Every structure is written in structure tokens, then in C-alpha cells.
Amino acid sequence: MQTQYSLGIDVGSTTVKTMVIDDAKQIIRSRYQRHYSRIKETVSEQLEQIAEEYPDSLFTLCITGSAGLGLANHADLPFVQEVHAAFIAVKQAYPDTDVVIELGGEDAKIIFLTGGVEQRMNGSCAGGTGAFIDQMATLLGVTADELDRLALQAEQVYPIASRCGVFAKSDIQPLLNQGARREDISASIFQAVVDQTVSGLAQGRQIQGKVLFLGGPLSFQKGLRKAFVQTLGLDDAHAVFPDTAPVFVAYGCALFAREGGTPMRLSDCLEKLKKARGGEQRMTGRRLFEDRSEYEAFIQRHKQHDLKYADLHTYTGDAYLGVDAGSTTTKLVLITDKGELLYSHYASNQGQPLDKIAEKLREIYREKNPGLRIRASAVTGYGEELMKDGLGMDFGIVETVAHYRAASYFCPDVDFIIDIGGQDIKCFKIKNHTIDSIMLNEACSSGCGSFIQSFAQAMGYDIAEFSQLGLFAKNPVDLGSRCTVFMNSSVKQAQKDGATVEDISAGLSASIIKNAIYKVIRAKSVEELGQNIVVQGGTFLNDAVLRSFEQELGRNVIRPAISGLMGAFGAALYAMEHQKAKSTLISPEALADFSYTTRAATCKGCTAHCSLSIVRFSDGHTHISGNRCEKGAGKAKASSLPSMMANKYDIILHTNDTQPEHPKARVGLPMALSFYEQMPFWHTFFTTLGFATVRSEESDRSVYYKGQHTIASDTICYPAKLTHGHIESLLEQNVDFIFYPCMSYNIDEGENDNHYNCPVVAYYPELLKANNPRLNKQNFRFPYMDLNQPKNVARVMQETLADYGITRKQTKAATEAAFAAQKQYREQVIAQGQQVIAQARAEGKPIIVLAGRPYHIDPEINHGIHKLITSLGMAVVTEDCVAHLGHVHDLQILNQWTYHARLYRAAEYVTTQPDMQLVQLVSFGCGIDAITTDEVRAILERKGKFYTQLKIDEINNLGAAKIRLRSLVAAMEHGAEQ
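All residue numbers for the sequence shown refer to the numbering used here, where the first residue is 1 and numbers rise by one.
Don't take each hint at face value.
With a straight-line cut-off of 30 Å between C-alpha atoms, the simulated BS3-like cross-links for lysine-lysine are [what the hints assert, rightly or not]:
(1) Lys429 - Lys519
(2) Lys604 - Lys706
(3) Lys360 - Lys388
(4) Lys308 - Lys360
(5) Lys664 - Lys706
(6) Lys580 - Lys360
(7) Lys791 - Lys823
(8) Lys951 - Lys519
(9) Lys429 - Lys951
(10) Lys769 - Lys812
(11) Lys514 - Lys303
(12) Lys706 - Lys210
(13) Lys338 - Lys388
(14) Lys812 - Lys791
(15) Lys809 - Lys791
(16) Lys582 - Lys360
(17) Lys951 - Lys514
Across the chosen pairs, the derived CB separations fall in these ranges [stated by the list, open to error]:
(18) Lys274 - Thr114: 38 to 46 Å
(19) Asp736 - Arg942: 49 to 57 Å
(20) Asp593 - Arg942: 55 to 63 Å
(21) Thr114 - Asp736: 29 to 37 Å
If you're looking for bench data, these hints aren't it; they were derived computationally from the structure.
Computed from a predicted model, the values in this text were never measured in an experiment.
For each residue, glycine too, the CB sits at the ideal point set by N, CA and C.
Put together the whole structure using the sequences plus the hints.
The structure is reproduced here in C-alpha cells:
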């Protein structure tokens, strides 16, 4: 009789796992292998090995996994859903498990087994999975195993977004450029994965009891295990990491096959796999080049825009150094006084930009003719401050200025510049030889160089080879313009449908361009971009991307041969034009002994508690980064410019300083959302009735973590997420009840079509109650009311406080007192705003209207952006200081939200004031703010003002915000000169 086994095949997004079990359910053989998108080949290879080992046996088999369904369908083989397979394996091997957490290559899942079975998987986002960890390891220039070893030596954890690799890069790159320890960043990456699982997948359900951890990442990475165990507060008895974790789902799949599968020979199964093919239709785009002669003509046309070269070894005379310390790459050029190129360098910084530049500078000093003298140097980019402090660069200039200076060298009449770098897209419109408007990609870097690089690496190619493949693709895949993670799914689908690597390469190049034009620039027509377009940035060295851009525009553009070096070239030109009598650049002797050490610290200068990176150089001086004001850097305060952000926060913070001596009860008021404006109202209301008010503690990261387990949606804005922590804070303070009303309408301020609150502000108490088991009708009161109707407020509040014997007459008097207090607060804000404006004008300083929502005054939400603005020499007022002075007409949208109406009126007022500009703060994930962007831009640009938007979320690194604000300052200064 032939021996019979059961075989489970788990085809994941990045790996193939197989497991063979015998009739007694004992594991006979297992294998875990990466497939590098060669799914069918890898499965066939493993089955051939099993067939060789068990040539005469029969197998009942089944396929599972995120990439297994298509294969099973095309090969006509049995399939079981992976969560069900995991469930079967858990019941067999660990029946007393309460929760299962599994992290795979691109999928993550939680199965709650106690208190009602519930299964949750990540959607289209691969944030917080194995692929995310691989991406981050690549960014640090280490393997996933080395990342793990580094994480175990960490001293500090930084907040990093794990929603997707793109956001995380935006957080990690500035840390690297500021000199943060790689050990600390590695641990922060693992912590980000844990946070994503707890908030993004658990969505309000607590992870407790016996937790089983499955999947490759949780098997191989001790640092990740440690982060999970610490965050969830588990002991050894409740945190289970089985040896079979990487292949555990394949085990469940084999158990499923054992119960009902039809026995077959593996040779028959291999034959079915061989015949399987994807038959779906796929969208194809336009070919980049029809033939090689068309490509050659394209190359010749772009060769016209190049620099002359000079020899570093023989040149004598003055030279000028330019450095661009970018987000992922380091660029350096040395030019003569005639603009000839003596030396250039372009390479990945591998997370160590300072080391790279020092190494190249040593090379220049070693190779140069003794008669060559570096007269001046300038640096631009994310690592600007570190380079200035470490290597004594003469000038630091903002990127936008450097890129415009370089573009105008090649095309004096340039009217549009687009620069696509590793993680950022920068677009400048030029009018009258001045930067007129600046557009940068928001917190997402899809459509940037790192986007295509990630795909090239995933398919086993280097970027140069991968981009060449697409030039002559016959059927480029139309991938649209979507984010990296969604694009992953499209690419996988295209592969299943038979697309070649060439077709995918061409499709990705076109996708980058569509993303830049329609998502970042938001162009309605090609004419908007102007006639003289210069493209730059390393991504445009990719001929496929450049060709896609020209095809999409329907016109030729200028790509300088030094496209990737334009920031550094612009910096060198700036150094030549602004040279000092003596350069401060580090000497060859000092450079020979140059070294540095880094350590992490927390600033105690104020309540912001900035995470500092302190770099100490071999000559004894230090560079401090991560600070948002002068205190953190250990410098004397440069400016006494006031900020209404800080003033308003101070007023709200001290609202409930006065309390009744013998209170009826203690009422909890959360420092969240609408309370940042209505705290004076509700404090006065309750204290008038004899209640004491207790506010929750000030926001910080620990407050967020307190409520993290009750957050129901990871896509909600950060201000809403923080609210959960404030509720926990009030519960810890044992208040008699928490008060948080639901209000569809805000106060009607006039000049609008309606006066709604946003849905989150209006109804969030409902969600808080539903997701926090500690809240009940007695300790959490959330009545519905309308502040535009005082009688309604008095009636509703009398009903809400009936158990305290409060009468209608009392609530009427309290309501009147509350409205008076709110009016006084509004008048105080306006009066202080006018004082700030008067002081700024007396000192001749520009004024920024920092326009957002009331809750943006929370330091944990705004991350000290207002301090950054005042440190740049500008005063700050908020939109509600000036909104009453503006009047809007002819808006293109329905003006029905109170906060939006204020924003539009403030923008209109700014256009009438020569010394004012507006910067809009938008919380990431705010759906209804999407309509404000174009409207505010239109109001401002119609009257010649600049539009600057800063998107903020839980991440507190202000590197990108600083570039935007400095670009705004540079544009303002240039405009003033003109």
C-alpha cells in the first residue's frame, strides 16, 4: 500500500512555505523560501524536491496564502483561506490561545479567539509587515538580520510612522541626516510595527491573555519580539513564539488537506502547475520608443545641455565647492570661476551623509593641483546644518534657491522647474525671474526616485539596469498614479497576468510622471506649466522617466546632463557669487583627524521635550538637532518675536485655575478637539453651578499610548487619536463624570453657507463610548446640543445634570455666564493678535498667519512649528486673530464648515496686507480639508501671495516643514528685492 501524506502550500506575498505531515499530524518536512515574484517557479521547485524525497507516495494537498488564490484557480488545485488555515493550526497545536498575531511579507493579521471569534487583516497597505522591515533595512544600508542586532543595542526610541514605508522614510531620513544613532532608529522601526498592529489592526480591541506570534518576521527578529512583549505587557507564559512560526499557516493548510483532500501524485500536481497561466486582460500604455534610432535622436537632443569640464590635477586658480546633502543621496561638485566642472560625486549616503562628504573632500584635497584654491563653499539639503557645523561650509542655502540658480544657468528664461529626488518632488513656477510658487509632495513619496528603486530591488535588479529595461517595452503596463503600497498590488497582478519585467519597468516610469503632474502639481492642463521647462533630480537621469514626462506633456523639455547634481551645482554658483574674504571650510590637516560621536538626549527646556541628537566632533564642538527652538541647541534666544499659537495655548491651559471651594462633583473635560476653543465656555458653565472642572493632562506621546488600544481606525486624524488618551487620563484622575457634548453645528460666525462642525469633532464622543469598555452612562455624558440656541443648551444641560438636582433657572444663568466667558476669550485672542502684529511691524518683521483648527495649538499636534517660524524671524498669529477682518466673495465651493469659513476669510485678509503671508496647517487624514487646499491657494495666488501648506500627523520631525518655510522666506526676500 502506498504511503499517504498531507501537504500544505502557503504562497505569501514574498515567500513560499511548504509543510508535509503524516497521518498522525506529525510534521515530517517543512521549507521556507523567498520567491522574488517568481511564484509558480518557486512552488514547482519545492514540489520537485518533495517528489524526489517521496517518489512513491500520494499526497492530499491544498494551497493557501495571499498570492495563492490565483495560482490555485489557474492550476485547478484546492484552496483554503489563510486566516482559516491559521485558525485550524492554532486549535490543533495551541488550543488555549486567546489572540493570534501573524506578520507576513506584506500582510498582517490578528485573530481574536476569546470573547467572540474575530479575524482582522490589513487591507491594501503593507505598512507594519515584513516588506516594511526589509524596506527600512535597505534605507539604513543593512540586512534585516543586522537591523535586528542593532535594535537590541538601542538607548532611545523615536516616533516613526509605520502606516507605509514611504511615511517611515520621511521620518527616518531626517534622523539619519541629523546624526541619530542607527541602533535607536532600528529599535524605532520595530516599535513602529508594533504600534501599527495595536492601533491599525486591533482597532479598539485589547490584546490580552495568551498571545501566539506567527510569521517570518516574528520568528527571525528578536528586536521585534521584544518590542511586542514590552508594549503589550506580556510575560513568558503569555507570549508564545513557536519554532514552527514561519511555516505555521502551511501546517494549518496541511491539516485542512488531510481532512478532505483527494490523494494525488506530485507529478500530476506539477503538470497542472506547468499548464497554469493567468488569462486576465490588462491595460497597456504607450510605448516609450518605437526603435533604437528614435532613442538615439532623443539622447543627442539632451546632450546639448552640458557643462564644460576642467582637469582637477592640472587646473590652477579659484574653485568653488557645492554640496547637496539630500534625503537619500549625497551630491558634491567643484567648479572653476568659469563654471567648468572639476569634480563631481553622486551616490547614496547609506544613512551617513557626513562620512561620505568628508571622504570625498579628502579625495579632492589629495588629488587637486597645489595651485587650486577652494575660495568658498555652500551646502543645501536635509543635512545642511550638520555639514556646516561639521565641515565648516561657508554658506547654507535652502534647496529651492539652489535648484533655481542651477536651472537658470542652463535656461535663463526658465518658467517651470520640476525636481524629482529620492523622496521629494519639488516644483517651482518662475515669474519675472523670481520663484512665484512652490509645490512639494505632501507626506507621501510615491512618484519619487525611491519609489522605483524599491520595486527594482524587490525584483532583484539595480536601479540603472531596471530603468533601461523599459525603454523598448512592447506593452507597458498602465499602473495609474497611486501610492507605493497600492502599486505593489497592481504590479503583482500584472505579473500574474503575464506582464514582463520590461513592461512593468516602463509602466512604473509613466506612473511616476502621472503622480507628479496630477497629484503634486495638480495641473489642469499642460499649458499651466509654461513654455521653458527644466527637469532635474536624479530620477530624471532615468531616460524612461524623462521620455514619459515628454510624452505626457506633448513637448520637449531641458534636462541638463548634470540633472542629479543641480542642487550641488546651484550651491557652488551661490558660493562663487557670495564669497567671503576668507573661507571657513575645514582644512586638509583638520580633515585628516576628523571624527565624531553621536548620542541621544531629551531636551528639558520646556514641555515639548524634544528628542535631541547630539554630535560631538573631534575638535570638541557639537551639533545639536531635533530641537524646535534655540534652547535645545544651547543657544541664546535670537528673537523675542511673539506667537499667538503659544499665547492661545497658555490661555486655555490656565482657564480652569479658579475652582469652587466646596464642589458638588468633579467634572472631567478632555483637552481635545473642540475643547481647545470651548474650554472657557464649559469651565464657566460648570463652576457657575458649583462643579469643579478637571482637565486632562497636557498632550504628549505617552497620552497617545494610553488610549491607543481603544482607537478604532488608523486612518483618523492624529488630533482624534489623541482624544482616546485624554479620556484615559480623566479616568485615571477618578473624576465623577466626563463631559463631552455632540454638536452638529459650530457657532455661526456669518459670511458662510452653513456652520457645521466636521463629522469627527461633531460626533466623536459616540465613538469613544462605543470603543472604551470603561465608559458608561454615568461616568461619560455626551448630550446633543446646538450652541446657537442658548435655550436649547440650558434645557439639555438641565436634563444631563438632573441627578445633581440642578434646575432650569440655574442652567439658564450658567449658560449666560458661559457665553459671556466665551465672548471674552474671543476678544482676548483678537486683542493679543493685534498686539503681536503691532510689535512685528514696529520691528520690521514679516507676519505669518498660521491657519488651522483650534486644536492645532496643542504642542503635541503642531510639533512646535510656530517656534520654527519665529526662529526664522517672523511673527505668528492664528487665523482667528484676523478672520473677522476679511470678507470672501465668489468661492468655488459650498462654504458650510465654520473652521473653513474662518480660513477663507483669513486668507482674503492676508491678500490685503503687504507684510503678511499665510501658512495652512492640515492634519493628515482630514478628509474635509482636501477641499480647502485649492480654494485657499486660489484666494492667495490671485493677489500675488504664496501658498504654503504643512501636513502634520504624529511624526514630530520638522525637516520637510523647515524646507518649505525657508523656501517661503527666500521667495519673500526675492520678491522684496524685485
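Evaluation of the provided hints:
no.: 1; hint: Lys429 - Lys519; in the structure: 16 Å, holds
no.: 2; hint: Lys604 - Lys706; in the structure: 22 Å, holds
no.: 3; hint: Lys360 - Lys388; in the structure: 16 Å, holds
no.: 4; hint: Lys308 - Lys360; in the structure: 21 Å, holds
no.: 5; hint: Lys664 - Lys706; in the structure: 29 Å, holds
no.: 6; hint: Lys580 - Lys360; in the structure: 23 Å, holds
no.: 7; hint: Lys791 - Lys823; in the structure: 17 Å, holds
no.: 8; hint: Lys951 - Lys519; in the structure: 15 Å, holds
no.: 9; hint: Lys429 - Lys951; in the structure: 21 Å, holds
no.: 10; hint: Lys769 - Lys812; in the structure: 28 Å, holds
no.: 11; hint: Lys514 - Lys303; in the structure: 25 Å, holds
no.: 12; hint: Lys706 - Lys210; in the structure: 21 Å, holds
no.: 13; hint: Lys338 - Lys388; in the structure: 25 Å, holds
no.: 14; hint: Lys812 - Lys791; in the structure: 7 Å, holds
no.: 15; hint: Lys809 - Lys791; in the structure: 11 Å, holds
no.: 16; hint: Lys582 - Lys360; in the structure: 22 Å, holds
no.: 17; hint: Lys951 - Lys514; in the structure: 22 Å, holds
no.: 18; hint: Lys274 - Thr114: 38 to 46 Å; in the structure: 45 Å, holds
no.: 19; hint: Asp736 - Arg942: 49 to 57 Å; in the structure: 53 Å, holds
no.: 20; hint: Asp593 - Arg942: 55 to 63 Å; in the structure: 57 Å, holds
no.: 21; hint: Thr114 - Asp736: 29 to 37 Å; in the structure: 33 Å, holds
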